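K.L.:
Chain by chain, the residues run as shown.
Number of protein chains: 2
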Amino acid sequence: MTACFFERHQEKIESAINAIQDRGFYSAYPEVPSGKIYGENAKSDGKAFFDSVIGSEFSLSQSTNGNWIGDESSPYGINLGVSYPDVDIDDLMTSMNAACQAWKKSSVETRVGCALEILDRLNKKSFDMAFAVMHTTGQGFMMAFQAGGPHAQDRGLEAIAYAYKAMLDCPSEATWKKQVGKDDFVTLDKQFRVVPRGIGLVIGCSTFPTWNSYPGLFASLVTGNGVIVKPHPKAILPSAMTVRVCQEVLQEAGFDANVVTLVADTEDAPKTEALVKHDAVSIIDYTGGSAFGEWVEANSGDAIVYTEKSGINSIIIDSVESMRPVSGNLGFSLCLYSGQMCTTPQNIFVPKDGIQTAEGPMSFDDVAQSIVKSVDWMLSDQGRANEVLGAVQNPATAERADGVQGDVLRAGDGIEHAMFPEARTRSIKIVKTNASDLDAIATECFGPVVFIVETESTDDSIQLASSIAREHGAISCGLYSTDDDVIENALDAMTSAGVPVSCNLVGNIWVNQSAAFSDFHVSGANPSGNATLTDAAFIAGRFNVVQCRTCIPAPQKVEA
Amino acid sequence: MTACFFERHQEKIESAINAIQDRGFYSAYPEVPSGKIYGENAKSDGKAFFDSVIGSEFSLSQSTNGNWIGDESSPYGINLGVSYPDVDIDDLMTSMNAACQAWKKSSVETRVGCALEILDRLNKKSFDMAFAVMHTTGQGFMMAFQAGGPHAQDRGLEAIAYAYKAMLDCPSEATWKKQVGKDDFVTLDKQFRVVPRGIGLVIGCSTFPTWNSYPGLFASLVTGNGVIVKPHPKAILPSAMTVRVCQEVLQEAGFDANVVTLVADTEDAPKTEALVKHDAVSIIDYTGGSAFGEWVEANSGDAIVYTEKSGINSIIIDSVESMRPVSGNLGFSLCLYSGQMCTTPQNIFVPKDGIQTAEGPMSFDDVAQSIVKSVDWMLSDQGRANEVLGAVQNPATAERADGVQGDVLRAGDGIEHAMFPEARTRSIKIVKTNASDLDAIATECFGPVVFIVETESTDDSIQLASSIAREHGAISCGLYSTDDDVIENALDAMTSAGVPVSCNLVGNIWVNQSAAFSDFHVSGANPSGNATLTDAAFIAGRFNVVQCRTCIPAPQKVEA
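So the protein lines, in turn, are chains C and V.
Per the numbering used here, the first sequence starts with residue -19, numbered consecutively.
Per the numbering used here, the second sequence starts with residue -19, numbered consecutively.
Only chain C is shown next, with the shape it has when bound in the complex (with noise of 0.2 angstroms):
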């Protein structure tokens, strides 16, 4: 059976292996929601399951102390009312110990199989997760259906391509053979097995709940560890459903489905903390705010940390060919998720004398208006608006957005939403500021809320951008410019803050975005985060290569 789910799947994994050295375009799973490609029931489908889960007691195959908890309700305004089955933490840990005694005894590609086998399963089921995605999360379907389904696929199967090479990287035999004398010679015969750290812990968040999981959780697996995913209180769904799928492989191919295991919880009783400081759990993945992350990375103990906490991001613009293209674009940045990305720009740094276009010269205020005009045009549908911005996924989101005041060039209202009358919306809010204003534009402010900040010049505004990210992290950076000069200054100060820098994007390409397989998200190298979806080092400290040498005699004479 197992042997059967590695073969199946053998050519997806070796294509994901050359993906990630070659880093160009490449996908596994189809981004596009159409039924010709996953059924043409699947989304009715996707929609009858998720009504029947809606109030249900959602099953699992794992250690539970015979209750059940959740507390979810959809940012869109429906109370799902799902629970899932609780835990005792140490009885977990028990049974978790018991359960992957097999699971790092079984072969490499045994593991790499099964993973791929889930990830298979999981993209079958794109349209259950998008709408389990997009009523928790409140992404916009489309969205929920891409970051949700496909693209965490990618991403997971771009952790197992770099897991598996970094498995393959150690030959697990070899023979050494010395000369110690002028016919003498030692030989050894050695072994080398790979040993993993234990129980890995995923700590999911409420915005991106598979995307931002399935790094961690498929790498700490494939590598013979086993798996508690913690989900965001306010989305289990999206969690207890990957788990669900994880356990069924894991039980045909003849394991304890405890190799992979959910922890639920509720804000009032959260177990996060509990699991960090667990004397069992070696390996931590977390996704989420900067605050909490902070202090999974000083709590951990001898676990092996790995965050992705956020960041506050900029856009420098210096010189353009047209600004419509750039404040199209930005629009769409700005707007989407209602700025609830960790991609998404927070500052705009604009130099207070304009700058250059290919028509001649455009004063800030321009440049500041052709942004909310964008802005504005993006939202003026409101069937798109509601696409596009989907809903706030939390109320303190909402609340921070409507207390920050200042120069408002753009009202950040509720948009009424077509389809869900009770959706928490917000519109996005534009504000316009100077470069001395640290308390805005040096202070996350996660949500709909973007500052346009005057600048001395475009040094100034690579000079804030690079010192903000060095000093609270950074995710992304978009820069527009037609100066090569600039253009190597800017990449100069921001690649060295550890910033990835998109430059002159236009057309259907945006800062926010970042693509399994080429682009590395978080660099790990400011306080946005110490890890990198993916590269090799999220990859290394999941498990140790462990040497057997045996001494093979000499065939004429032993010396003693």
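Honestly, the hints are just simulated from the structure, not real lab data.
Any copy will do: because identical chains look the same in the list, a pair fits if it lies in one copy or spans two.
Below 25 angstroms or equal to it, Euclidean Cα-Cα: the simulated DSS-like pairs (lysine-lysine) are:
no.	residue 1	residue 2
1	Lys104	Lys158
2	Lys27	Lys104
3	Lys145	Lys85
4	Lys105	Lys16
5	Lys412	Lys353
6	Lys16	Lys162
7	Lys104	Lys23
8	Lys412	Lys332
9	Lys23	Lys162
10	Lys332	Lys353
11	Lys27	Lys105
12	Lys16	Lys158
13	Lys157	Lys16
14	Lys157	Lys(-8)
15	Lys16	Lys(-8)
16	Lys105	Lys23
17	Lys158	Lys(-8)
Model, not experiment: these values are computed from the prediction.
Fit chain V to the supplied structure of chain C, relying on the hints for placement.
P.N.:
For chain V alone, coordinates are given in the frame of chain C:
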């Protein structure tokens, strides 16, 4: 010049990269201290160099406050009286940060070329280094030559090979082209930059000042970081000689010598803690005792830390073909460098009812006596004893050994040194005890002390050895058994506890040995250290890849 360095040594780095993937025997630097290889006068030149250094000021091309410090004395009884440039730490960091600007921007091949040239020049100075290592560590001359010279250089080359491979793993450029419509494509030009973390601190130990420091030094250096070498205050000279060569090569290649610096100190005024806590230090490599190693791990802030600490190593004797070659092999392992290797066995576990041999059963006491006799024979000739034992580096090690009491099978008194009458020497003390004596066997007793431990059975021996390794760490384990099931059980238990196992070693290969390019030194999977010399994990955290992506406009139309 720097291009020449890379081309000059390109074949060597390519061979090294092949070697770390094959893991068969490979060595780039000859371990035989032969005049035919190193020059007819190499040994006398080395001695002359050493004599000339004694009592002198050892100049370096780096930031200094103008003072000279140092307080080394040879374990062979010679006061070295060498002094080194003292530094103001903040000034040093300023100089290094300035020096690193050009270094981090230089090409990967430039940095690799410089590092290979450094190793090449260090190799040519192997006899100089042998005297320096001998008279700081107390190693015998042959060991000081091999471990201090070519074996250390091999470990440095191995680290360079892993680092070069890791940096090449991601292409520096890629074109990403995604189809977004029937005839529409988005094309991005992507650049991937290696961004070093900053300044690496390499904290050396007093017993293997080069072998244990070169991997961290070269791994940090070629990935673009500056490096501070902070030797043990009693073993500065080998590090200072290394730093001088680094600075010479860096300057010849057009770089500021402050890219690699020495921070010397004395036991009375130590500087390590201030360096560990300094904000500018972002990578720490530590070799030394567990207590201070744990302090370093806990106090390093945001710096990435790689530790090689200490552990409690075991020999498990279950059954043998013949005891004589086994005790012959063990005798040398126990005597070598007076038990001051981090891989030297401390506990030898033997079932109380004795073991099976091809010649019939053998009692516990006969096994113990066989080992005692082998050590007696090894040390029966004064010249051999002096060369094999060397001298005891630290007075505390001698005192610790002297204080060990119990059922002493072999006394550990000093052995007179033929050449150096003032040498600090101890013989190998062998003590019989049993499995319940955890004060002895579950406490590290670094130095010339061995416990032969009565256990209930081989299963008991395996359980003890593995549980001690899990709790206190272990770096090596020797197993003797003729039973395949026992071997498999022991391998499972010990490798799960992160301990490499050497099976049935006899002849010219010893459990203490660790060969570059084939043996992983310290697994990283138990408390003896969190890092391995050398694997991908040892490199991965020393740099990040940060990308830039630039929109390539479509040839026909641009969408807004």
